[in-house]
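Asks: This is what each chain is made of:
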Amino acid sequence: MSLIEFKNISKKFGQFTALSDISLKIEKNTIHSIIGENGAGKSTLVKILVGIEQASSGEMSLRGQIYRPHSARDAFDHKIGLVHQHFQLADELTGWDHLKLVVSNQSLNFEDLQKKTNLILNQFGWSFNLNERIKTYSVGEQQRLEILRVLILEPEIVIFDEPTAVLSPDEIQDFLNFMFKLKERGHTLILISHKLAEIKKVSDDVTILCRGQLTETASIENLTIEIMAEKMIGRKQKSIAHNLEKQKNLQKSKLSIQSLNLELMTYEIMGVAGVEGNGQSQFIDQLLTELKGLNYSIADISEDRYRFSIYPKQSLIDNFLIRHRYSFSNLGLLNKTAVREIVNEIIIKWDVRPQNADMLMGDLSGGNQQKYVIGRELWHDPNFILAAHPSRGVDIGAQEQIHQALINEASLGKCVVLLSSDLDEILKLSHRFIILFKGRIFGPFLKDQLSLNQISQIMNGVYENKIEL
Amino acid sequence: MVYMKIKLNYDFSSIIGFFIGVALSSILVIIFKENPADVLKVLSGSFLQSKFDLGLTLFYTTCFLFAGLAFSIPFKAGLFHIGSEGQIVISAMVAAIMGQTVFNFFGVVSAWQIAIGILSIVGISVLTGILAAQLIAVFKVFKQSHEVVVAIMLNFILTAFATYVVLHFYQNPESQNPESGLIHPAYQNFKSDFIKTFFDQSAVSSFLIVAVLTSIVVWFFENKTRWGLELKAYGENSSAAERMGISRAKINFLALGLAGTFSAFVGLTEVLGNSYQFKVGFSPSYGFLGIVVALLAQGHPIGMLVSAFIMAVLHKGASDLDLETQHLTRDFSKVLQSLIIFCVAGAYYINYRRKKS
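Note that the protein sequences, when read in sequence, are chains S and G.
For the first sequence, counting from 1, position 22 maps to 22 in the numbering used here; every step adds exactly one.
For the second sequence, counting from 1, position 268 maps to 737 in the numbering used here; every step adds exactly one.
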């Protein structure tokens with residue numbers, strides 16, 4: 001008997017079918033991954049499981065019995081816990097206060113809570129100060145607190161929604177080990193992700209969704225990363241045209257950023273690696289300030305889309321117009337008709353869906369927002385491109401398109417700075433790269449100059465003062 | 470089947486708040502042993518009793534419309550501007566003083582001398598409103614203080630200052646009431662404008678037309694100009710706006726400058742168009758009622774024409790409650806209005822916060 005069984009689950013939102021006829025089984029005490037691109041229906045499936053959404057048709061069974069949750073409360077009563085992708089933490093509280101809040105409707109006094117928490121902390125060898133306010137926590141610590149919040153309620157089934165999206169390579173490894181420990185303790189884990197390498201490492205079973213359809217549900221032994229990727233995007237992955245040899249005869253010119261003591265080159269992608277929080281935002285600030293002072297035309301694909309790049313309540317047209325307002329205004333009056341055509345071109349070129357220039361930005365999915373932002377930033381043919389986490393939160397298809405665009409721009413003689421916490425992305429795209437650690441810049445290094453091990457050591461400060469390169 | 474797909478980009482929370490406010494007021498009315506149906510009838514019907522009453526209502530509409538605009542523009546830039554009241558009072562005072570003195574400089578013999586005189590009254594009064602509003606912006610931009618705190622304090626300071634100046638230097642010698650003398654008769658030409666004549670010498674004047682035109686211009690400003698776009702962008706996502714080169718100082722000064730201008734027009738509507746003098750306490754807190762007007766219309770400048778009229782009808786009705794009922798006084802009508810303001814603003818914010826999270 002399977003622990004959880006989905007039978008012919010479908011979910012429609014109006015005309016749109018988010019899930020059609022999904023049947024799958026999750027076995028007890030396994031790690032079951034549900035993978036798919038953005039918008040494939042992973043989150044919807046999980047929301048149905050935890051009672052946030054109700055299925056339009058089909059049914060679920062849990063431990064052999066029909067299971068119909070109507071709210072997150074029901075799911076919790078059935079020992080299902082969900083670790084959210086976006087942490088739902090109260091920033092101003094201390095860790096302890098937050099945990100107290102979580103158990104406030106349980107008959108659990110503070111001493112028991114402390115015992116229980118310390119037990120969990122010891123089991124996983126975690127240590128962090130729960131007396132501090134949550135806003136002082138690092139991202140990794142916040143995630144641990146979020147996990148703690150769920151584990152304190154002793155769920156049998158734990159669901160992780162994109163847990164590694166915000167973690168550094170080391171933290172990811174820790175997290176994967178943590179998942180194994182949870183499994184040893186008898187939990188059943190459901191992992192939602194699109195990072196295939198990690199899934200390959202930890203999963204027992206994998207279910208692949210593509211555009212609301214179930215394309216595969218099988219044991220991990222029967223699947224390779226390539227097959228998973230193919231079933232996820234519904235076609236083979238494109239290989240990226242990236243030819244370093246061609247570059248030899250180009251007239252490269254230098255662009256030095258004095259405040260950072262860094263020399264950039266045209267026709268080149270400069271990668272900026274490093275664990276998040278090691279001076280990335282200062283780096284970007286100084287870079288942009290200096291370039292603006294030099295009157296460069298800049299494409300600014302910012303590090304945080306919601307904070308720096310979009311206006312959710314404005315239409316796509318206005319989002320474009322705000323960015324390029326000086327190109328489309330005369331004596332302070334705006335010319336919206338010209339903008340509409342350009343926005344439509346961007347929408348088609350970047351396959352932004354739905355294809356409607358009057359849509360509000362906030363109504364687009366994250367991946368489509370990002371594609372639109374990149375299209376908007378590249379529209380004026382800038383000669384410098386800052387791409388900070390350009391493919392964060394977008395699916396593989398869009399990622400390919402973004403990477404290809406960056407390479408194309410570089411080959412046209414632009415100067416590209418690619419900042420990412422995804423080391424694979426940096427190594428795949430950049431000609432040279434630097435590593436940020438505690439606000440210091442290490443490098444630049446040539447593409448194959450360092451081994452992965454060396455890079456990792458620099459990223460974690462082992463080398464700190466003695467780099468002999 | 471014919472599908473009518475009307476996309477109403479309106480969030481109904483403020484309307485719901487409005488009705489909750491009316492319902493709560495009705496409960497209060499019952500407690501005071503009056504019939505809520507009668508009270509509602511007075512509230513909603515008294516503006517139609519005569520041309521004069523309608524004229525008074527349209528005068529309120531004018532003031533509410535300006536006050537609403539003075540709130541809505543900064544609101545779109547992310548500022549909660551409740552300093553309009555102080556700006557209204559101080560610019561009305563300046564207009565009244567100018568009205569009594571400026572003819573010394575220009576003379577009042579020919580038509581163009583009078584025109585210049587009126588224009589300079591308007592200009593200096595508006596300038597005063599702008600400067601008063603920029604005080605808030607200065608504290609906001611350079612001292613990072615919260616605009617609400619500064620604005621509330623300035624309301625008291627400016628109102629007290631205006632009262633002081635009028636009572637000590639410009640008190641009308643022929644009156645027992647705290648008020649300034651009348652402006653020069655040559656500047657009272659709104660007395661004979663066609664709107665006032667049509668409404669039997671009621672309070673309304675051509676400023677009504679100015680107000681309606683202003684709201685159309687504001688709509689144009691918000692939707693068709695670069696500054697309007699920058700202002701909205703900054704209000705929605707200030708960090709993104711700054712990243713795209715929109716300056717924080719510029720937006721604050723621009724939004725509050727416009728707010729000060731509109732506040733000054735409330736004062737001018739009173740001084741040049743209605744009483745021709747500065748009466749201490751002439752404003753039934755237009756500045757605060759303007760907040761409701763703006764929120765009810767969700768800041769849409771054209772929608773504010775409607776909400777300003779609704780509020781004016783209510784305001785007119787409320788002031789008649791005293792006469793039409795046994796137990797309710799003029800002060801009670803203020804309680805009713807405050808309840809409605811409270812509910813509209815409350816509903817808007819509850820909904821706003823819910824959406825945000």
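The set of hints was computed from the structure by calculation and includes no laboratory data.
These numbers come from a predicted model, not from an experiment.
Take the hints with a grain of salt, since some may be wrong.
[As the list claims (entries may be wrong)] The calculated lysine to aspartate or glutamate pairs, modelled on DMTMM-like cross-linking and capped at a C-alpha distance of 20 Å, are: (1) G:Lys693 to S:Asp285; (2) S:Lys438 to S:Glu141; (3) G:Lys693 to S:Glu276; (4) S:Lys428 to S:Glu276; (5) S:Lys292 to G:Glu711; (6) S:Lys313 to G:Asp522; (7) S:Lys79 to S:Glu53; (8) S:Lys313 to G:Asp507; (9) S:Lys438 to S:Asp285; (10) S:Lys336 to G:Glu691.
Asks: Does each hint hold? Answer for all of them.
Replies: Quick rundown of the hints versus the structure:
{"no.": "1", "hint": "G:Lys693 to S:Asp285", "verdict": "violated, 32 Å"}
{"no.": "2", "hint": "S:Lys438 to S:Glu141", "verdict": "holds, 18 Å"}
{"no.": "3", "hint": "G:Lys693 to S:Glu276", "verdict": "violated, 41 Å"}
{"no.": "4", "hint": "S:Lys428 to S:Glu276", "verdict": "holds, 19 Å"}
{"no.": "5", "hint": "S:Lys292 to G:Glu711", "verdict": "holds, 13 Å"}
{"no.": "6", "hint": "S:Lys313 to G:Asp522", "verdict": "violated, 41 Å"}
{"no.": "7", "hint": "S:Lys79 to S:Glu53", "verdict": "holds, 18 Å"}
{"no.": "8", "hint": "S:Lys313 to G:Asp507", "verdict": "violated, 43 Å"}
{"no.": "9", "hint": "S:Lys438 to S:Asp285", "verdict": "holds, 16 Å"}
{"no.": "10", "hint": "S:Lys336 to G:Glu691", "verdict": "holds, 13 Å"}
Hint check: violations occur at hints 1, 3, 6 and 8; the rest are consistent with the structure.
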